[in-house]
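Participant: These are the residues of each chain, in order.
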Amino acid sequence: MKDFMTGNHAVANAVKLCRTPFVAAYPITPQTAIYEKLSEWEASGLLKGIMMRTESEHSAMAACIAASLTGVRTFTATSSQGLALMHEMLHFAAGCRAPVVMANVNRLLAAPWGFWADQLDSLSQRDTGWIQFYCENGQEALDTVIQAYRIAEQLYLPVMISLEAFFVSHFMEVVDLPEQEQVDRFLPPMDLPHKFDIEKPGFLVPVVSSELYQEYKHMAQGSMDSVKEVAAKVDREFRKEFRRDYGIVEPIMIEDAEVVLVTAGSITSTARMVIRDLREKGHKIGLLKIRLFRPFPVEAVRDALKGKTKIAVIDRNISLGSGGIFCQELRAALVHSPEHPLTFGYIAGIGGTDVTPEVIQKITFNVMSRNEATDAPIWVMEE
Amino acid sequence: MKTNSDHSFEFVIPISYGSTEVIETGKWGFQKPQASFQTAPCQEACPAGNPIPQFLYLAGEGRYDEALQTLLKENPFPGICGRVCFHPCETDCNRAQYDESVSIRSMERYVSDTASNQLPNLKPIRNRELKRVAIVGAGPAGLSCAYFLSLLGHQVTVFEAKKEPGGIMRWGIPEYRLPKSVLKREIRRIFNLPIEMKTSINVGKNLSFDELTGFDAVFLSPGARLNALLSIEGEDLKQVWKGGDFLERINSREKATLGRETLVIGGGNTAMDVARSALRLGSKVTVAYRRTRNEMPAIQDEIVEAEEEGVRFEFLTQPVKVSLLKDKRMAIRFQRMRLSDPDQSDRPRAIPVRGKFITLEADRLITAVGEQVDLSWIPQELIKDGLIDVDSSPKIFAGGDAVDQPRTIVTAISSGKRAAISIDLRLRGDSCDDVFSKIRLGNKGSVSMEAYLSGRDEGKWPSPKDVISYDRINTLYFEHSKKINMRKINLDQRRRGFSEVNRGLSPEKASLSASRCFSCGTCNYCYNCYFFCPEGAISLDAFHQTKYVDLDHCKGCGTCAKSCPRNVVEMKETP
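In order, the protein sequence lines correspond to chains S and F. In terms of this note's numbering, the first sequence opens at residue 1 and continues consecutively. In terms of this note's numbering, the second sequence opens at residue 1001 and continues consecutively.
Don't read these hints as lab results, they were simulated from the structure. A quick note: this is a predicted structure, and the numbers were derived from the prediction, not measured. There may be inaccurate statements among the hints.
Reference excerpt, derived from the structure (chain F facing chain S, CB under 10 Å, subset only) [unchecked claim]: (1) Tyr-1017; (2) Ile-1201; (3) Asn-1202; (4) Leu-1207; (5) Ser-1231; (6) Ile-1232.
With the C-beta cut set under 10 Å, the calculated list includes, among others, these residues of chain S facing chain F [what the hints assert, rightly or not]: (7) Leu-109; (8) Trp-113; (9) Phe-115; (10) Trp-116; (11) Tyr-156; (12) Arg-185; (13) Ser-223; (14) Met-224.
Computed far set for chain F versus chain S, every beta-carbon distance over 12 Å [unchecked claim]: (15) Pro-1014; (16) Gly-1018; (17) Arg-1128; (18) Glu-1129; (19) Gly-1153; (20) Trp-1171; (21) Gln-1239; (22) Glu-1261; (23) Glu-1307; (24) Arg-1329; (25) Asp-1346; (26) Arg-1354; (27) Glu-1450; (28) Arg-1503.
Built from N, CA and C at the ideal position, the CB exists for glycine as well.
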């Protein structure tokens, strides 16, 4: 069924379709609409289960972890400062191998204060052990939530789905809402082999020896590595049921491209249009969308960019003192490529500034004009 | 601690099935919670020292027998106080500052009427030496003193001038406020103790005062049964009755013919009892009082009920002369008064408006302008300002309306209780000065018998408790609600006869009413501390009323103290 809705409501719909019986959250702009929608559905009975209104994001995540370990599907949503406050619990979720699914609406981090799109909030959490997806639009956010539960519950790892503030969270688009039976077929009820059991009381997070700690981290890294394979398989199965897929990365018009733009999130949509126009004018431009960020799909990226001469990564985030974070990761992934392409990092769209087709075109012409490696990030700002 | 895995999940995360109790995290803390019960303002305000939060908690749980037993530790007359008390407890109730006070008096009545076991665990203490105490006057003060002295193990003989015990409760208060059956029930409970009762004994006539001194101690509580005079012309006409005599006739079921219109002079509780009784006998009633409604000393509820029933009021009038008219009616001439500056009692003085008089006519005039003590049989050295004063005599004690204190049932009960403690201390050869400051409930004069008993044998009393003020209540845990009032019989029934006006609370309302109590300073097992304790170190048992803190695992975070709505939990530094 097609419906017209915001990215936030698309996410809320996914949570409902997944029959998530436990939601714990705290409202924060621009995520609040997810919270409100789920709250409304809980009140009207459409959302079966418990919607816990916690006093902070930290508590929301703590509640999700505890509930998850009793063997139920859990969900929370947050943004920016809320995610930062949750930080400590993010490590606990991953460390406890709790398959919590969370939507994060990418919003800049204070200070100064603001509400606008910026990916630094979730990228700052890249080392917490969470799987991270970046979505281009509401449809993809909805579909990724459904896929996320499959991945999380198979590997016992938490998943964060990011969608940008306003450009995705508040933008209304036509969304194809899956039928409940389809989702039920694709996503069976959560059935963990491990559940907290009142009959056999135990407790988590005991003190362990150095060796044991190391062993658990090693195991978790093993699970993280297998995400790429599992996510790709889940995506293929998703296609069978819903006739849509995304890939963990998506190469667009890349085979004969000399210059490749690399994007994540909503900038990808604009870039799709720009490269189509430039190709009509004879420029051999391609596009690579990165959807799965953690674990970073090193092999897929390397394969896609094999033989390319120049790459421009557009980052709506900045790791101060270094550069765009996607660019860092990409450069690290390509370090073993035999003919390492020149990789330029462009910073655009920081703090929610608009990345228009003109901006992307400007980046494209800029990268075509460059023939020497540049380490520092290249800021694209209005003059 | 076992962190090994025997299970797929435990392979990916460590899970322990051992107990966390092996780590005594409680040793990290520098403070520990302590349940320290404090005094509620209602209890401080109650002259009898009723354990109000405790009895309301038990009543709220439907444990009425225990609730009654709790009340009887401090007050032998819950059924009577639950009806006729002027309830200062409700005035001081912390909840009154939040929305409306708890209906404590109605609840006391409810518990007293509902308990199935009316003779709960009342067992006198056994003393080594048996001492004899004489009590003169079986009113609320005398009976309360007899009750507590008997419980304290002394042999008590009560001398009563009238043919039945009860005093003002028997001969003064009309049935529509206090049914005789309730009085009987409470008196029967007292005489279930080994107390000797001698009625129709008039000290000074058929028993000499000196004979009393043969006892080890004497308590004088003869009440104030002489009616004060107006001291005006015509007062001695036979159509002019005295309030106390009139009430006694009614309470003896004697015939009293009033005529069509009755005029009552006075503004206190006797005046209200007289007016409302006269109304019930079919007369039209007007009350004349020299100040205004605001200054009337009667209990507010009585004034309101009198008004509801149709008693008329003529304020700012002072009688100056009564004269007989031809048709056997009377003309009563009043000086018109006005209010002026406050007097010593802080009430505005009533002063005459020069040259202004009014005359009212009536078939019957009943005066109720105060009562005086009959001192004819009292030795001179025990009299001061028209009252009994026993300061000069070590073995004679006194209380009730005959001494210098407010004249209410509950203050009389309180004086009997205090005297019982004083007498007990004297008979045991202890000094009293110090003890009363240790067993006090707050700072308004009431004392705790429970505290007295706890220290009586060893001479060690707990230190007095704080009174919990409103700002120490965590009101976040309470929803606003209205005070719950008793139902009343309809006005027609009220005007026609002496049936009890208040019908008491329904079981549902009683339960609701009990649950409104903030339980200031008293644990009522709300389980907040239990739920909020992050360490799970608190155990409670509401049924046996026990509390336990696992100090090996309490880190002293203070969450229990913060989350206690009623300020019972206190954090104390560990040494």
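Participant: Decide, hint by hint, whether the structure agrees.
Facilitator: Verification of the supplied hints:
1. At its closest, the beta carbon of F:Tyr-1017 sits 5 Å from a beta carbon of chain S; the interface hint therefore holds under the 10 Å criterion.
2. Against a cut-off of 10 Å between C-beta atoms, the interface hint on F:Ile-1201 is violated, since the closest Cβ of chain S lies about 72 Å away.
3. Checking F:Asn-1202 against chain S by beta carbon gives a least distance of about 74 Å; that is not within 10 Å, so the hint is violated.
4. Annotation: F:Leu-1207 was flagged as interfacial toward chain S, and the flag is violated, the nearest CB pair being 74 Å apart, outside 10 Å.
5. A cut of 10 Å between beta carbons decides the hint on F:Ser-1231: the least distance to chain S is about 73 Å, and the hint is violated.
6. Taking 10 Å as the C-beta contact cut-off toward chain S, the hint placing F:Ile-1232 at the interface is violated, the least distance being around 74 Å.
7. Given hint, S:Leu-109 at the interface with chain F, is violated; its Cβ is 30 Å from that chain's nearest Cβ, farther than 10 Å.
8. Below 10 Å, beta-carbon pairs count as interface contacts, and S:Trp-113 has none with chain F, the closest being about 30 Å; its hint is therefore violated.
9. About 31 Å separates the beta-carbon of S:Phe-115 from the nearest beta-carbon of chain F, more than 10 Å, and the hint is not met.
10. For S:Trp-116, the interface hint is violated, the least distance from its beta-carbon to any beta-carbon of chain F being 37 Å, above 10 Å.
11. Hint status for S:Tyr-156 relative to chain F: holds, with the closest Cβ pair at about 6 Å, below 10 Å.
12. With its C-beta approaching chain F no nearer than about 26 Å, S:Arg-185 sits outside the 10 Å limit, and its interface hint is violated.
13. At its closest, the beta carbon of S:Ser-223 sits 7 Å from a beta carbon of chain F; the interface hint therefore holds under the 10 Å criterion.
14. Annotation: S:Met-224 was flagged as interfacial toward chain F, and the flag is violated, the nearest CB pair being 12 Å apart, outside 10 Å.
15. Against chain S, the non-interface label of F:Pro-1014 is violated: not every CB pair exceeds 12 Å, the least being about 5 Å.
16. Chain S draws F:Gly-1018 into its interface by the beta-carbon criterion, the shortest separation being 8 Å against a cut-off of 12 Å.
17. Even its closest Cβ contact with chain S, about 56 Å, leaves F:Arg-1128 beyond 12 Å, as expected for a residue assigned away from the interface.
18. No beta-carbon of chain S is positioned within 12 Å of the beta-carbon of F:Glu-1129; the least distance is around 60 Å.
19. Every CB of chain S lies more than 12 Å from the CB of F:Gly-1153, the least distance being 53 Å, so the non-interface label holds.
20. Listed as a non-interface residue, F:Trp-1171 keeps its Cβ farther than 12 Å from every Cβ of chain S; the least gap is roughly 63 Å.
21. With a least CB separation of 75 Å from chain S, F:Gln-1239 remains clear of the 12 Å interface cut-off, as annotated.
22. Consistency note on F:Glu-1261: stated as away from chain S, and its beta-carbon is indeed over 12 Å from all of that chain's, at 66 Å minimum.
23. Once the 12 Å rule is applied to beta carbons, F:Glu-1307 is consistent with being away from chain S; the minimum gap is 49 Å.
24. Every beta carbon of chain S lies more than 12 Å from that of F:Arg-1329, the smallest distance being close to 74 Å; the non-interface claim holds.
25. Look at F:Asp-1346: its CB is around 50 Å from the nearest CB on chain S, clear of 12 Å, so calling it non-interface holds up.
26. With a cut of 12 Å on Cβ distances, F:Arg-1354 stays outside the contact zone with chain S, its closest approach being about 72 Å.
27. Even its closest Cβ contact with chain S, about 41 Å, leaves F:Glu-1450 beyond 12 Å, as expected for a residue assigned away from the interface.
28. Distance check for F:Arg-1503 against chain S: the nearest CB is about 42 Å away, which clears 12 Å, and the non-interface claim stands.
Comparing the model with each earlier hint shows violations of hints 2, 3, 4, 5, 6, 7, 8, 9, 10, 12, 14, 15 and 16; every other hint is respected.
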